[in-house]
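Student: Can you make the complete structure from the sequences, with help from the hints?
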Amino acid sequence: MPETFASAVIPSESAQAWRVVRDFGGLADWQPAVARSELRGAGPSDRVGAVRSLRMADGATVVETLVELDDDRMSLTYDIVDSPYSVHFYRATMHVFPVTSTGEAFVAWSVVFDCDPAHADDRELCRRS
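With positions in the sequence shown counted from 1, the corresponding number in the numbering used here is that position plus 480.
Hint data in this document are derived by calculation from the structure and do not stem from the laboratory. Since this is a predicted model, take the numbers as computed values, not measurements. Built from N, CA and C at the ideal position, the CB exists for glycine as well. Hints may contain errors.
Stated by the list, open to error - What follows is a set of in silico ranges between Cβ atoms, one per label pair, in the way DEER data are often shown: (1) A588 <-> D526: 11 to 21 angstroms; (2) P524 <-> F485: 22 to 32 angstroms; (3) S581 <-> V561: 36 to 46 angstroms; (4) D538 <-> V500: 16 to 26 angstroms; (5) W510 <-> D538: 12 to 22 angstroms; (6) A495 <-> D594: 27 to 37 angstroms; (7) G523 <-> D562: 17 to 27 angstroms; (8) P597 <-> A540: 15 to 25 angstroms; (9) V592 <-> A488: 17 to 27 angstroms; (10) P564 <-> G523: 19 to 29 angstroms.
Tutor: Here's what the structure looks like:
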């Protein structure tokens, strides 16, 4: 299965960065590829099993489920459960780490997924994400 990884140093304390990342319903507030993020159903956004519907900047709708949230490790994991893209078995994990020398946050995002071989263009899109 292909994997991809992205990371950034955020000019914020790790606890503050984690508060933003852990808000499963707030992805559109900081991810430019997401035009709108909306929680489905009742319950808090930090409950394992929470479902969010994302309206992407390209107009597509993607549905994701929160499968793990660990405040001690400052990490969360989610799966795509519905998508118009040719991506299958998509699982992403985000971690926030403190940069102890500067007081900033290091945010890491890793994804494993599979794509339909007939749709190589989507596979390349996944790698660039």
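Student: Evaluate the given range 19 to 29 angstroms for the C-beta pair formed by P564 and G523.
Tutor: holds, 26 angstroms
Student: Using the C-beta atoms of V592 and A488, is the stated range 17 to 27 angstroms upheld?
Tutor: holds, 20 angstroms
Student: A range of 15 to 25 angstroms was offered for this pair. Does it hold for the Cβ distance of P597 and A540?
Tutor: Roughly 21 angstroms apart at Cβ, these two residues keep to the hinted range, so it holds.
Student: Taking 22 to 32 angstroms as the hint, is the beta-carbon distance of P524 and F485 inside that range?
Tutor: Given range 22 to 32 angstroms: holds, Cβ gap about 29 angstroms.
Student: Can you let me know if the beta-carbon spacing of W510 and D538 is within 12 to 22 angstroms?
Tutor: holds, 18 angstroms
Student: A range of 36 to 46 angstroms was offered for this pair. Does it hold for the Cβ distance of S581 and V561?
Tutor: holds, 39 angstroms
Student: Is 11 to 21 angstroms respected by the C-beta to C-beta distance linking A588 and D526?
Tutor: holds, 19 angstroms
Student: Is it true that the C-beta distance of A495 to D594 lies inside 27 to 37 angstroms, as the hint says?
Tutor: Because 35 angstroms falls inside the window, the suggested range holds.
Student: A range of 16 to 26 angstroms was offered for this pair. Does it hold for the Cβ distance of D538 and V500?
Tutor: holds, 23 angstroms
Student: Look at the Cβ atoms of G523 and D562 and judge whether their distance stays inside 17 to 27 angstroms.
Tutor: holds, 19 angstroms
Consistency with the previously given hints is maintained throughout, with no hint failing.
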